[in-house]
Amino acid sequence: MTESVIRNKPGMASVKDMPILQDGPPPGGFAPVRYARRIPNKGPSAVAIFLAAFGAFSYGMYQVGKGNKIRRALKEEKYAARRAILPVLQAEEDERFVKEWKKYLEYEAEVMKDVPGWKVGENVYNSGRWMPPATGELRPEVW
Amino acid sequence: MATKVVDAAGEPIPTSSVLMSSAKHIEIKCMSENVEFLKCKKKDPNPEKCLDKGRQATRCALGVLKDLYQRCKDPMEAYVGCMYYHTNEFDLCRKEQQAFEKACPLD
Numbered sequence: 003m004t005e006s007v008i009r010n011k012p013g014m015a016s017v018k019d020m021p022i023l024q025d026g027p028p029p030g031g032f033a034p035v036r037y038a039r040r041i042p043n044k045g046p047s048a049v050a051i052f053l054a055a056f057g058a059f060s061y062g063m064y065q066v067g068k069g070n071k072i073r074r075a076l077k078e079e080k081y082a083a084r085r086a087i088l089p090v091l092q093a094e095e096d097e098r099f100v101k102e103w104k105k106y107l108e109y110e111a112e113v114m115k116d117v118p119g120w121k122v123g124e125n126v127y128n129s130g131r132w133m134p135p136a137t138g139e140l141r142p143e144v145w
Numbered sequence: 055m056a057t058k059v060v061d062a063a064g065e066p067i068p069t070s071s072v073l074m075s076s077a078k079h080i081e082i083k084c085m086s087e088n089v090e091f092l093k094c095k096k097k098d099p100n101p102e103k104c105l106d107k108g109r110q111a112t113r114c115a116l117g118v119l120k121d122l123y124q125r126c127k128d129p130m131e132a133y134v135g136c137m138y139y140h141t142n143e144f145d146l147c148r149k150e151q152q153a154f155e156k157a158c159p160l161d
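If you read the sequences in order, they're chains U and Y.
Numbering of the first sequence is given in the working numbering, commencing with residue 3 and proceeding in unit increments.
Numbering of the second sequence is given in the working numbering, commencing with residue 55 and proceeding in unit increments.
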């Protein structure tokens, strides 16, 4: 019943004469739709991109080199200072070592005084060089 | 506490910050004694053989410290304090270093 109310044409004889109600294009059709590719071909060329990347890289490496020079200068300053005070510290340690070594030699002489053929005092290696004592302890009174 | 350069009797205390602060002066003024000591050590590493040269080197270095302290007390104390605070990092004490080297210039 509703169809005939909606699609009514005045003066129709039967239901079979109702006009067709369809969803379709507007009169004259739709506007044309572009579906073709339009990728532009402008912008930097390959050579330009390569040169820009190479330029950025070399600028960065140049900055790295400059920074390394500065850092090396700082390290050299520290090492030069250490080299300058090395003799003072080594001389201090030598004095302390000589005192301790004399005490140790007296102790060894006392302990080994009854052993025949023990060349009291030094009994180190045969190469002739002086080697530091291999007790495994650095400063016995500290440890 | 550890930033004092001299003790009560006026003798310099060779702590690490004091030595590192005056290292450039010691390097210049005690060059010959240090080189002699190192040559002696290279020849024979036995400590008993190089005791006298070591004493000369120590005497020279302590003399340099005392001389620096007498000539420019305040810049030296400031520099030593800064080095003590920053554990002997030269780059963190540039201001005090400039003031110290202006007051007691390297020869």
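Note that these hints are calculated values from the structure, not bench results.
In this text, a Cβ means the ideal position worked out from N, Cα and C, and glycines have one as well.
Among the hints, a few may not be true.
Derived coverage of chain U by chain Y (criterion: at least 3 residues anywhere in the stretch with Cβ under 8 Å from a Cβ of chain Y; other residues may be distant) [to be verified]: (1) 17-31; (2) 97-105.
FRET-style restraints, in silico, Cβ to Cβ [claimed, not checked]: (3) U/GLU97 <-> Y/PRO159: 28 to 36 Å; (4) Y/THR69 <-> U/TRP120: 30 to 38 Å; (5) Y/ARG148 <-> U/ASN70: 16 to 24 Å; (6) U/VAL117 <-> Y/GLU143: 37 to 45 Å; (7) U/PRO46 <-> Y/LEU160: 51 to 59 Å; (8) Y/LYS96 <-> U/ASN70: 53 to 61 Å.
Status of each hint after checking the structure:
Residues of the stretch 17-31 of chain U lying with their CB closer than 8 Å to a CB of chain Y number 0, which falls below the three-residue condition for coverage. Interface restraint, the stretch 97-105 of chain U with chain Y: holds (4 residues with C-beta to C-beta distance below 8 Å; minimum three). Separated by about 33 Å at the C-beta atoms, U/GLU97 and Y/PRO159 satisfy the suggested range of 28 to 36 Å. Against the hinted window of 30 to 38 Å, the Cβ-Cβ separation of Y/THR69 and U/TRP120 comes to about 43 Å, which falls outside the hint.
Here the CB-CB span from Y/ARG148 to U/ASN70 is close to 20 Å, well matched to the stated 16 to 24 Å. In this structure, U/VAL117 and Y/GLU143 break the distance hint of 37 to 45 Å, their C-beta atoms being roughly 55 Å apart. Hint check: U/PRO46 to Y/LEU160, Cβ distance near 55 Å, so the stated range 51 to 59 Å holds. The given range of 53 to 61 Å is broken by Y/LYS96 and U/ASN70, whose C-beta atoms sit roughly 32 Å from each other.
In terms of the numbered hints stated before, the structure departs from hints 1, 4, 6 and 8, listed from lowest to highest.
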